[in-house]
Amino acid sequence: MTPTTDAVLAVRSISKSFGGLKAVQDFNLTLPRGSLRGLIGPNGAGKTTVFNLLTGVYRPDAGSVTLAGRNITGLRPFRIADAGLSRTFQNIRLFGELSVLDNVRLGCHVRSQHGVFRSIFRTPYHRGEERAIEASARRLLDVVGLLSRAGEQARNLPYGDQRKLEIARALATEPRVLLLDEPAAGMNSQEKIALRALIQRLRKEFDATILLIEHDMGVVMDICERITVLDYGKTIAEGTPSELQSNPAVIAAYLGAESDCDIDANHAKGGR
Amino acid sequence: MEKFLQTLIDALAVGSLYALIALGYTMVYGILKFINFAHSDVFVLGAWISFLVAVAAGWGDHVSAGDPGRTWILWVLWAATAAAAVSAAAEFGAWKRRHPGDPFVLNRTRFAGVLVLVAVWGWAAFGLAKMAGLVKVWGDNGLFSGLLILLCAMTTCGLVGFVLERLAYKPLRKAPRLNVLITAIGVSLLLQNLGQLQEMFGTRPQRMPTLLPTDQPLATIANVKIMPVDVIGAATAIALMFLLDFLVHRTKFGRSMRAVSYNPTTASLMGIPVDRVISVTFVIGAALAAAAGFLYGQKYPGLNQAAAAVWVLLGLKAFVAAVVGGIGNIRGAMLGGILIGLLEFFGAAYVSAAMRDVYVFSLLILVLLVRPSGILGRPMLEKV
Amino acid sequence: MSTLRARAIELKPGLLPATVRSVWPLVAGIGIALTLQFFAKPVIGDFYAKVLLDIGTSIILAVSLTMVNGFTGQFSIGHAAFMMVGGYVSGGIVYYGSLLLFGDVDMAGGLVSSMIEGRDVPLVTRGDALFAVSLVAGGLAAALCGYVVGLPSLRLKGDYLAIVTLGFGEIVRVLIQSQTGDVLYTVEEMKERPFVGIAQMFTTPSDEWVTPIVLSLGGALGFSGLPFYSSLFWVFLGVGITLLVAYRLKESATGRAFLSIREDEIASEAMGVNTTQFKVRAFVIAAFFAGVAGGLFAHSIGVQLNPGELGFLKSFDIIIMVVLGGLGSISGAAIAAAIVTILPELLRNPAPLLKVWPVFAGLAALLLIATVFAAATGRRTRPLIAWLCIVLALLGLGFGARAAAAAGHNLGDYRMILFALALILMMILRPQGLFGVREIWDRSLWRGIAESLRAPAKKGGTSR
Numbered sequence: 000m001t002p003t004t005d006a007v008l009a010v011r012s013i014s015k016s017f018g019g020l021k022a023v024q025d026f027n028l029t030l031p032r033g034s035l036r037g038l039i040g041p042n043g044a045g046k047t048t049v050f051n052l053l054t055g056v057y058r059p060d061a062g063s064v065t066l067a068g069r070n071i072t073g074l075r076p077f078r079i080a081d082a083g084l085s086r087t088f089q090n091i092r093l094f095g096e097l098s099v100l101d102n103v104r105l106g107c108h109v110r111s112q113h114g115v116f117r118s119i120f121r122t123p124y125h126r127g128e129e130r131a132i133e134a135s136a137r138r139l140l141d142v143v144g145l146l147s148r149a150g151e152q153a154r155n156l157p158y159g160d161q162r163k164l165e166i167a168r169a170l171a172t173e174p175r176v177l178l179l180d181e182p183a184a185g186m187n188s189q190e191k192i193a194l195r196a197l198i199q200r201l202r203k204e205f206d207a208t209i210l211l212i213e214h215d216m217g218v219v220m221d222i223c224e225r226i227t228v229l230d231y232g233k234t235i236a237e238g239t240p241s242e243l244q245s246n247p248a249v250i251a252a253y254l255g256a257e258s259d260c261d262i263d264a265n266h267a268k269g270g271r
Numbered sequence: 000m001e002k003f004l005q006t007l008i009d010a011l012a013v014g015s016l017y018a019l020i021a022l023g024y025t026m027v028y029g030i031l032k033f034i035n036f037a038h039s040d041v042f043v044l045g046a047w048i049s050f051l052v053a054v055a056a057g058w059g060d061h062v063s064a065g066d067p068g069r070t071w072i073l074w075v076l077w078a079a080t081a082a083a084a085v086s087a088a089a090e091f092g093a094w095k096r097r098h099p100g101d102p103f104v105l106n107r108t109r110f111a112g113v114l115v116l117v118a119v120w121g122w123a124a125f126g127l128a129k130m131a132g133l134v135k136v137w138g139d140n141g142l143f144s145g146l147l148i149l150l151c152a153m154t155t156c157g158l159v160g161f162v163l164e165r166l167a168y169k170p171l172r173k174a175p176r177l178n179v180l181i182t183a184i185g186v187s188l189l190l191q192n193l194g195q196l197q198e199m200f201g202t203r204p205q206r207m208p209t210l211l212p213t214d215q216p217l218a219t220i221a222n223v224k225i226m227p228v229d230v231i232g233a234a235t236a237i238a239l240m241f242l243l244d245f246l247v248h249r250t251k252f253g254r255s256m257r258a259v260s261y262n263p264t265t266a267s268l269m270g271i272p273v274d275r276v277i278s279v280t281f282v283i284g285a286a287l288a289a290a291a292g293f294l295y296g297q298k299y300p301g302l303n304q305a306a307a308a309v310w311v312l313l314g315l316k317a318f319v320a321a322v323v324g325g326i327g328n329i330r331g332a333m334l335g336g337i338l339i340g341l342l343e344f345f346g347a348a349y350v351s352a353a354m355r356d357v358y359v360f361s362l363l364i365l366v367l368l369v370r371p372s373g374i375l376g377r378p379m380l381e382k383v
Numbered sequence: 000m001s002t003l004r005a006r007a008i009e010l011k012p013g014l015l016p017a018t019v020r021s022v023w024p025l026v027a028g029i030g031i032a033l034t035l036q037f038f039a040k041p042v043i044g045d046f047y048a049k050v051l052l053d054i055g056t057s058i059i060l061a062v063s064l065t066m067v068n069g070f071t072g073q074f075s076i077g078h079a080a081f082m083m084v085g086g087y088v089s090g091g092i093v094y095y096g097s098l099l100l101f102g103d104v105d106m107a108g109g110l111v112s113s114m115i116e117g118r119d120v121p122l123v124t125r126g127d128a129l130f131a132v133s134l135v136a137g138g139l140a141a142a143l144c145g146y147v148v149g150l151p152s153l154r155l156k157g158d159y160l161a162i163v164t165l166g167f168g169e170i171v172r173v174l175i176q177s178q179t180g181d182v183l184y185t186v187e188e189m190k191e192r193p194f195v196g197i198a199q200m201f202t203t204p205s206d207e208w209v210t211p212i213v214l215s216l217g218g219a220l221g222f223s224g225l226p227f228y229s230s231l232f233w234v235f236l237g238v239g240i241t242l243l244v245a246y247r248l249k250e251s252a253t254g255r256a257f258l259s260i261r262e263d264e265i266a267s268e269a270m271g272v273n274t275t276q277f278k279v280r281a282f283v284i285a286a287f288f289a290g291v292a293g294g295l296f297a298h299s300i301g302v303q304l305n306p307g308e309l310g311f312l313k314s315f316d317i318i319i320m321v322v323l324g325g326l327g328s329i330s331g332a333a334i335a336a337a338i339v340t341i342l343p344e345l346l347r348n349p350a351p352l353l354k355v356w357p358v359f360a361g362l363a364a365l366l367l368i369a370t371v372f373a374a375a376t377g378r379r380t381r382p383l384i385a386w387l388c389i390v391l392a393l394l395g396l397g398f399g400a401r402a403a404a405a406a407g408h409n410l411g412d413y414r415m416i417l418f419a420l421a422l423i424l425m426m427i428l429r430p431q432g433l434f435g436v437r438e439i440w441d442r443s444l445w446r447g448i449a450e451s452l453r454a455p456a457k458k459g460g461t462s463r
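Chains as they are written, first to last, in numbering that gives the first Met the number 0: chain F, 0 to 271; chain Z, 0 to 383; chain Y, 0 to 463.
Some hints here could point you the wrong way.
Residues on chain Y that point at chain Z, a partial pick, calculated with CB under 10 Å [said to hold, decoys possible]:
1. Glu169
2. Gly310
3. Ala419
4. Met426
Partial chain Z-side listing against chain Y, Cβ under 10 Å, derived [as the list claims (entries may be wrong)]:
5. Asp9
6. Tyr28
7. Lys32
8. Phe33
9. Val162
10. Leu166
11. Pro170
12. Thr182
13. Leu188
14. Asn192
15. Phe318
16. Ala353
17. Met354
18. Val359
19. Ser361
Covered stretches of chain Y, going by a simulated chain Z footprint (3 or more residues, C-beta under 8 Å) [unchecked claim]:
20. 119-133
21. 224-235
22. 412-418
I should point out that these hints are in silico values taken from the structure, not numbers from a laboratory. Since we're looking at a predicted model, the values are computed, not measured. From the three backbone atoms N, C-alpha and C, an ideal C-beta is built for every residue, glycine too.
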């Protein structure tokens, strides 16, 4: 692996195929601590599959994933969450019947000492822990701006708020690396501005290392330091936003080998 | 050797009936992805209907033969069948008008039409014979009566299956599978307890009249008598299975059925009337279960609604057969049925008769743990 | 940011107040159980004391099943098997323990175990201790079975799990029916025969078994002759503990993990919940309480432990309670268990229900007025109409039962038909059950009614 000491997440040539379809091929990624990396690509390029491989939903066919020096390749998802990799979902997967607060509290699960007997007898430590969990859950809800809706059922939240709640829940696991899967999808432009501010704030306050899948080029180009571009499961480019905007391979992937248009403008037109 | 042969015959005879019931489970599971718990109760119902028809036709020496508390069921069912026939005929006529000169392909409408016509024929024959006092004329011929009784049981249970699906399952098409499962349990309890009512089948044990001679074996091999009931039962079951296999794999309706099982949403976008396909699937499944109920009753004539759980358990074993063969797979269900029959009867004969259910359910657990898709079940391949 | 552990220690309450807060509900539970045993029983009479006893057992069963089917969303339909295991283990211990300790199997309990008035015995005796030990042992045996079944089968989902649990239940039933001797030993025989261990079962051919004492539990004939230890005290102590444990699990990290599995297993696992482990935990805890309930059931008056009656139909009974009450609601399951248990009695003899019919009628009238008011002013009427229907249905059942009784029928005979219909209708009209995942004291449950009376309906407001 790369000898950079502060590479918190190192992915070495992972691949995954479903039947004959090579969903991800030879994907490499090195995330330094505190960085914010974008992962873009047209629909079906394999971005979410990469997330699923990293978080253990799928087992990679080949390659390795190292998180803070620990090999987490092929572990079960809860072990990977325990190791410090947390994610949000593209198609929102909240615990709909539970309250907003409980969703975030569940995120604290992985850091807590949840024994059955502690829960039944309510030992002093258990009580203290529950208080600590509630406090940190409320703090996170405050950060994403949902504190006032803590008691509502998660499924009753508007779409944009559900995405924010997913972020809060993922943060509650105290991750080393946070994977955000299209957090801006379905948000209006105001919400997107707020989301940008939120991500910046996460980096500042939580020292979060973030890997971001996003279709909204405005968001990606604006906040990511470096961007990886996937197409048909392969990495076709990597670089800073400005490098990519003039990269012919990227433009070809997005527009089909047409002229050198501005990705941003065109995507805004054709995008969601 | 004698014991072995006898066990083999019993196993194959009962196994083919398991297969017949398993088909209903597997078809419904293939399409709607839930265990139709009430299927076993339809199987029990089939046995009771055939009992009533057989008794009404003058078979058996029954105290309850003239019991007015029970024969009304027959008349109601007859009326319902007639009504269904009329409406189906009307629909068929309407279809004919809309598609003049269409070549005859066995599609959904025609299949339903044929089914209903067969039913009407059976019921009409029975009713006319009954009214004309001619029952004895054909009543003495066990095979002919058996065929009529089989048809009556199959069609009435088919109707019951149709009604159940429309009333209980259709409103839940979009609901989580768990809710449908609970509903199925509710329907199962409902059928069981309705059957126990004094006005229905009552709680008294009854004996199914045996239509085929029990003292003249067809053949004797190594001192083992091969009884007509075993041969005819198995033959009927196998014939029905071939019919179904043909229907599913060789007809247009079968294709739409497989399409629905593969993906209902896409199927409906392709213009397949999903609801009707599901209805017909239920009807076929229920009819097959009813046939199995009649045939099983011929082999083991004890009927006891109060102990319906015993018969329901038979149905559940058939479900195990469906799972073992690969749920959703029609040929798998047949294979699984025979397999379960063999396991149960050889286990009972050679290890311990009391533990026969244990073998079956242990096999289920084993299969689910080792190969949840069953023997023939291949995920993502042809499923019905 | 300090770690959660550090913050937890920082916020930890003192040992004494924490202990007091942990223990007082248990003390209250014991108090209620004692009150029922010594004060309520004489008031309500023997018959209703027995009904109350059955209600208590049902509540334990329903609430325990709620932990699996409600909390974790797994669907077990073999719950009666755990009850059976608990009942037989507990019964075996009490039966043979009594023979060894007291020389006969008569009831040797004190007043706490007595359902009969005026027995001249001390409050607590050795018999009570034996019974209590047997209950715990029965629960543990059932929990062990739950672990053995749960560990492999909880990898399966939905209806596959359902059918495996059902198969397991049938296996247990058949094993008890066919593999336990149906002749119960007397004390003389006990002394003659050496205690035969399980190990010898495997080394001796089955027809040469000297039926070991441990396996002589009545076989297909049922385990008869068990002393009636189950009293209101024991049953409601069990109810109290079950409710307390269920509530505390639900309102803790463990319960949140359970519920998250039910809501979305993939997300739950991604958030670090070891879903398999938690499913097994829920299964084991539920099996434990089902086992305890089995022990209480086995020693109830008027009950003969019979494997034939504890098949999947009994499991379905428990499922009816859980589903009607609301999958995931402890109070819902408890209330539904009470109603389902008492309804046959009320249908057989609707007099107690009809005695208070003006109350129901008044309630119906109030609801009707409220509905009309809500409809006239454009508020939501749906929750009001739902409650109106429930009250009217109860009232109708009462009068229907009386009419049936007058005509010489017993509506109680039709109870299973009613329950089956209720189950189907519930799935179609209100699939989450009466209370859903919420508890009766959750304010959000009642918000529907409050809203219909307070605020005019919002367009696109959430229904139900």
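These are the hints, each one checked on the structure:
For Glu169/Y, the interface hint holds, since its Cβ comes within 10 Å of a Cβ in chain Z; the closest pair sits about 5 Å apart. A cut of 10 Å between beta carbons decides the hint on Gly310/Y: the least distance to chain Z is about 6 Å, and the hint holds. A cut of 10 Å between beta carbons decides the hint on Ala419/Y: the least distance to chain Z is about 4 Å, and the hint holds. Taken as an interface hint, Met426/Y checks out: its beta carbon lies about 4 Å from the nearest beta carbon of chain Z, inside 10 Å.
Given hint, Asp9/Z at the interface with chain Y, is violated; its Cβ is 20 Å from that chain's nearest Cβ, farther than 10 Å. For Tyr28/Z, the shortest C-beta to C-beta distance to chain Y is roughly 8 Å, which falls under 10 Å, so the interface hint holds. With its C-beta approaching chain Y no nearer than about 8 Å, Lys32/Z sits inside the 10 Å limit, and its interface hint holds. A distance limit of 10 Å between C-beta atoms decides the matter here; for Phe33/Z the minimum to chain Y is near 6 Å, and the interface restraint holds.
Of the supplied interface hints, the one on Val162/Z is violated, with its beta-carbon coming no nearer than about 13 Å to a beta-carbon of chain Y, more than 10 Å. With a least beta-carbon distance of about 8 Å to chain Y, the hint placing Leu166/Z at the interface is held under the 10 Å criterion. Look at Pro170/Z: its Cβ gets to within about 5 Å of chain Y, closer than 10 Å, so that hint holds up. Given the 10 Å rule on beta carbons, the hint for Thr182/Z holds: about 4 Å separates it from the nearest Cβ of chain Y.
Evaluation of the Leu188/Z hint against chain Y yields a held restraint, the C-beta minimum of about 4 Å falling below 10 Å. Interface hint at Asn192/Z: satisfied, since its Cβ lies 4 Å from the closest Cβ of chain Y, which is below the 10 Å cut-off. Interface hint status for Phe318/Z: upheld, as the beta-carbon distance to the closest one in chain Y is roughly 7 Å, under 10 Å. Here the hint on Ala353/Z is kept, as its CB sits about 3 Å from the closest CB of chain Y, short of 10 Å.
Satisfaction of the interface hint for Met354/Z is found here, the shortest Cβ-Cβ separation to chain Y being roughly 6 Å, below the 10 Å cut-off. Hint status for Val359/Z relative to chain Y: holds, with the closest Cβ pair at about 8 Å, below 10 Å. This hint holds: Ser361/Z has a C-beta 7 Å from the nearest C-beta of chain Y, less than the 10 Å allowed. With a threshold of 8 Å between beta carbons, the proposed coverage of the region 119-133 of chain Y by chain Z is violated, since 0 of its residues qualify and at least three are required.
As drawn, the region 224-235 of chain Y meets chain Z at 0 residues by the rule of a beta-carbon pair under 8 Å; below three, the given contact is violated. Three residues within the 8 Å Cβ limit are the bar, and the region 412-418 of chain Y against chain Z gives 4, so the coverage statement holds.
Going down the numbered hints, you'll see the structure goes against 5, 9, 20 and 21, while the others check out.
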